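Those protein sequences? They're chains A and B, same order as listed.
Everything in the first sequence is counted per the working numbering, starting at 1 for the first residue and increasing by one.
Everything in the second sequence is counted per the working numbering, starting at 1 for the first residue and increasing by one.
FYI, nobody ran anything at the bench for these hints, they're computed from the structure.
Computed from a predicted structure; not experimentally measured.
Each residue gets a CB set at the ideal place from its N, CA and C atoms; glycine is no exception.
Check each hint, because a few of them may be wrong.
[As the list claims (entries may be wrong)] According to the in silico footprint, chain A covers these stretches of chain B (three or more CB under 8 Å from chain A): (1) 46–55; (2) 106–113.
[Stated by the list, open to error] Every beta carbon over 12 Å from chain B, so not counted as near; a handful from chain A, in silico: (3) G83; (4) R87; (5) A102; (6) E113; (7) L117; (8) A125; (9) Q131; (10) E144.
[Stated by the list, open to error] Partial list, computed: chain A residues near chain B (C-beta under 7 Å): (11) Y86; (12) P89; (13) I111; (14) V114; (15) M115; (16) D136; (17) L139.
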Amino acid sequence: MTLTAADVAEIMRLVEQSKFDELSLEIDGIKMTLRRGGASGEIIRNVTQSGPAVAPVARAAAPSAAAGLGDANHMDITSPMLGTFYRAPKPGSAPFVDIGSAVDEDSVIAIIEVMKLMNTVRAGARGVITQILPADETLVEFGEVLMRMRKDP
Amino acid sequence: MAIRRILIANRGEIAARIMRSCRALNIEVVLAVSAADREGEPARLADRVVCIGAAKSADSYLNAAAIVHAAVATGADAIHPGYGFLSERPILPQLCARAGIVFIGPTADQIVAIGDKLQARAVAETANVPVVPGGEANSRAEAENLARKISTPLLIKAVAGGGGRGLKLVERLEDLPALLDLAAAEAGAAFGDARLYLEHYIGRGRHVEVQVLGDGEGRVIHLGERDCSVQRRYQKLIEETPAPGLTATLRDSLQQAAVRIAQLIAYRSAGTVEFIVDTRGDAFYFLEMNARIQVEHPVTEAVTGVDLIAEQIAIAGANGLRLRQSGVRSVGCAIECRVNAEDYRNEFRPSPGRIRDVTWPSGEGIRVDTHVVPGSNIPPFYDSLLAKIIASGPDRTRALARLRAAIAMTRISGVASNLGFHTAVLDDAEFQTGGVDTGYVDRLYARRPDLRGLRAAGVSNG
Numbered sequence: 001m002t003l004t005a006a007d008v009a010e011i012m013r014l015v016e017q018s019k020f021d022e023l024s025l026e027i028d029g030i031k032m033t034l035r036r037g038g039a040s041g042e043i044i045r046n047v048t049q050s051g052p053a054v055a056p057v058a059r060a061a062a063p064s065a066a067a068g069l070g071d072a073n074h075m076d077i078t079s080p081m082l083g084t085f086y087r088a089p090k091p092g093s094a095p096f097v098d099i100g101s102a103v104d105e106d107s108v109i110a111i112i113e114v115m116k117l118m119n120t121v122r123a124g125a126r127g128v129i130t131q132i133l134p135a136d137e138t139l140v141e142f143g144e145v146l147m148r149m150r151k152d153p
Numbered sequence: 001m002a003i004r005r006i007l008i009a010n011r012g013e014i015a016a017r018i019m020r021s022c023r024a025l026n027i028e029v030v031l032a033v034s035a036a037d038r039e040g041e042p043a044r045l046a047d048r049v050v051c052i053g054a055a056k057s058a059d060s061y062l063n064a065a066a067i068v069h070a071a072v073a074t075g076a077d078a079i080h081p082g083y084g085f086l087s088e089r090p091i092l093p094q095l096c097a098r099a100g101i102v103f104i105g106p107t108a109d110q111i112v113a114i115g116d117k118l119q120a121r122a123v124a125e126t127a128n129v130p131v132v133p134g135g136e137a138n139s140r141a142e143a144e145n146l147a148r149k150i151s152t153p154l155l156i157k158a159v160a161g162g163g164g165r166g167l168k169l170v171e172r173l174e175d176l177p178a179l180l181d182l183a184a185a186e187a188g189a190a191f192g193d194a195r196l197y198l199e200h201y202i203g204r205g206r207h208v209e210v211q212v213l214g215d216g217e218g219r220v221i222h223l224g225e226r227d228c229s230v231q232r233r234y235q236k237l238i239e240e241t242p243a244p245g246l247t248a249t250l251r252d253s254l255q256q257a258a259v260r261i262a263q264l265i266a267y268r269s270a271g272t273v274e275f276i277v278d279t280r281g282d283a284f285y286f287l288e289m290n291a292r293i294q295v296e297h298p299v300t301e302a303v304t305g306v307d308l309i310a311e312q313i314a315i316a317g318a319n320g321l322r323l324r325q326s327g328v329r330s331v332g333c334a335i336e337c338r339v340n341a342e343d344y345r346n347e348f349r350p351s352p353g354r355i356r357d358v359t360w361p362s363g364e365g366i367r368v369d370t371h372v373v374p375g376s377n378i379p380p381f382y383d384s385l386l387a388k389i390i391a392s393g394p395d396r397t398r399a400l401a402r403l404r405a406a407i408a409m410t411r412i413s414g415v416a417s418n419l420g421f422h423t424a425v426l427d428d429a430e431f432q433t434g435g436v437d438t439g440y441v442d443r444l445y446a447r448r449p450d451l452r453g454l455r456a457a458g459v460s461n462g
């Protein structure tokens with residue numbers, strides 16, 4: 001049995017609907033951890049895996065990804081909510097991250113502002129930022145890919 | 001201001017319905033969707049789609065901040081809330097006002113006043129409209145005193161209530177304390193407000209409601225009434241207009257009562273005043289007012305020719321209330337059935353899933369409001385309404401015949417539906433006579449045990 005992108009999307013949906021905060025699943029050498037957290041109801045998607053059967057999950061986490069497909073070490077960071085995407089903590093200051101920046105799980109990579117409420121987005125994994133997709137200060141939708149990163153092995 | 005672009009903060013058939021009026025008015029549509037509705041038919045029809053959150057309503061369709069933010073960011077002038085979700089929560093008009101977005105509906109203050117059922121009762125009394133005997137029940141002692149005064153059977157209702165939640169029927173006084181606890185828990189969970197009130201229960205009542213439109217400055221008109229007595233567990237299944245068998249005096253009294261209530265609060269936009277009509281006499285009582293467009297609004301549109309969504313948009317925008325009472329003419333009869341993805345032979349259990357194929361009816365006097373096409377996915381997260389089939393005709397007999405033929409023409413595969421239940425109602429002599437009370441569905445089941453499904457009917461399926 002193999003896990004398809006649709007299966008993973010469905011599992012993520014079920015976790016979102018459930019009252020559980022975390023799900024760990026191991027099927028056919030694919031290890032997946034889904035975690036939701038944050039007091040504000042922010043959903044952090046954290047898909048990690050080990051073993052060779054890695055590609056389907058990477059695809060599932062990033063259905064719209066054009067780059068990094070089939071590359072186990074690439075991961076998409078998606079927006080946990082609809083809002084305005086800010087790359088820097090305030091106008092004129094240095095961005096949280098740039099292409100080539102090293103990040104770890106808890107590194108703040110951006111702010112999403114919803115009706116003047118600032119929400120931080122974290123990398124969710126250790127690695128290096130390879131791509132930043134939305135322009136600064138533009139609308140991003142829920143689930144939109146914000147950045148791509150190469151995870152540390 | 002002129003409204004050129006509207007964000008629709010809803011889903012399903014009502015999103016498609018609002019979009020249709022926007023198209024006719026040459027207004028652009030931004031549709032706010034959850035992650036579960038990205039691929040739906042309304043999303044395909046919209047000029048622009050924004051995903052506001054995860055499938056769960058609390059993360060998307062109930063997220064007022066995300067919705068208003070999306071409206072501002074996409075350049076929308078106004079938000080239409082549809083029904084359900086945020087349509088009767090003051091937070092949405094409040095955030096709209098802060099962001100300079102027009103809210104297509106009543107004011108936040110009106111939503112609060114009408115949403116508090118005790119306040120609404122007080123408004124009705126001030127407007128000289130009878131209310132069902134009852135009142136507040138803040139403590140057990142207060143509830144027991146009141147219950148003795150108004151006598152059983154009685155209903156426990158949630159002050160912040162709606163949709164049957166927190167509603168309990170008390171037939172014997174000794175059951176009151178336990179049911180009060182249960183109702184308070186349910187109301188607290190559903191509305192975040194555990195306050196309760198009691199009303200005497202009118203067993204043989206008909207549910208009749210009056211459609212109103214107000215300009216927000218005290219001018220109010222009505223567009224006739226709808227009879228929604230065919231209900232199962234307080235959920236409406238069939239609605240029709242005019243209400244069969246009312247005397248001209250009673251009909252006029254109901255309509256004038258609704259107008260007085262809406263006038264008293266200078267109601268703005270489309271609203272509905274619900275009454276219970278005692279079938280043993282000509283008595284009627286105010287039940288509640290709904291500060292939104294209702295699911296069953298198309299029957300009113302079918303007989304008056306008025307596009308209620310377009311009127312809501314006109315009132316919210318620059319045009320105001322364009323209709324005068326004398327300009328509203330009602331012709332013929334209209335009846336609507338709600339087609340739900342529910343297994344009516346199995347306790348009306350929801351039946352979400354993928355629609356394999358669907359054929360909706362068409363023909364003289366037939367209107368179908370739906371978002372469902374072949375291949376549509378019916379997600380499990382929301383209500384199960386697939387479509388509303390509305391039939392109209394010069395008289396009730398012909399409207400019923402058209403609806404029956406339309407249902408026979410309808411084919412739905414992939415999910416269970418309640419079409420068979422609707423056929424049973426339309427074939428039933430008591431319903432055909434007209435003027436049934438809210439106890440009707442129970443009587444129908446008593447006559448037609450086969451409607452309960454194979455197991456309940458005692459037929460072995462082994």
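Status of each hint after checking the structure:
1. 46–55: holds (count 6)
2. 106–113: As far as the stretch 106–113 of chain B goes, the hint is violated, because 0 residues have Cβ atoms under 8 Å from chain A.
3. G83: violated (6 Å)
4. R87: Non-interface label on A:R87 holds, nearest chain B Cβ at 17 Å vs cutoff 12 Å.
5. A102: Non-interface label stands for A:A102: nearest chain B Cβ at 30 Å, farther than 12 Å.
6. E113: violated (8 Å)
7. L117: Answer for A:L117: violated, closest chain B Cβ roughly 7 Å.
8. A125: At roughly 21 Å from the nearest Cβ of chain B, A:A125 sits farther out than 12 Å, so the non-interface label holds.
9. Q131: The assertion about A:Q131 holds, with a minimum of 21 Å to chain B.
10. E144: violated (8 Å)
11. Y86: With a closest approach of 13 Å, the A:Y86 hint is violated.
12. P89: violated (19 Å)
13. I111: It is violated, given that the least Cβ distance between A:I111 and chain B is near 14 Å, above 7 Å.
14. V114: holds (5 Å)
15. M115: Since chain B brings a Cβ to about 4 Å from A:M115, closer than 7 Å, the hint holds.
16. D136: Not OK, violated: A:D136 not within 7 Å of chain B, min 14 Å.
17. L139: Given a least distance of 4 Å, the restraint on A:L139 holds.
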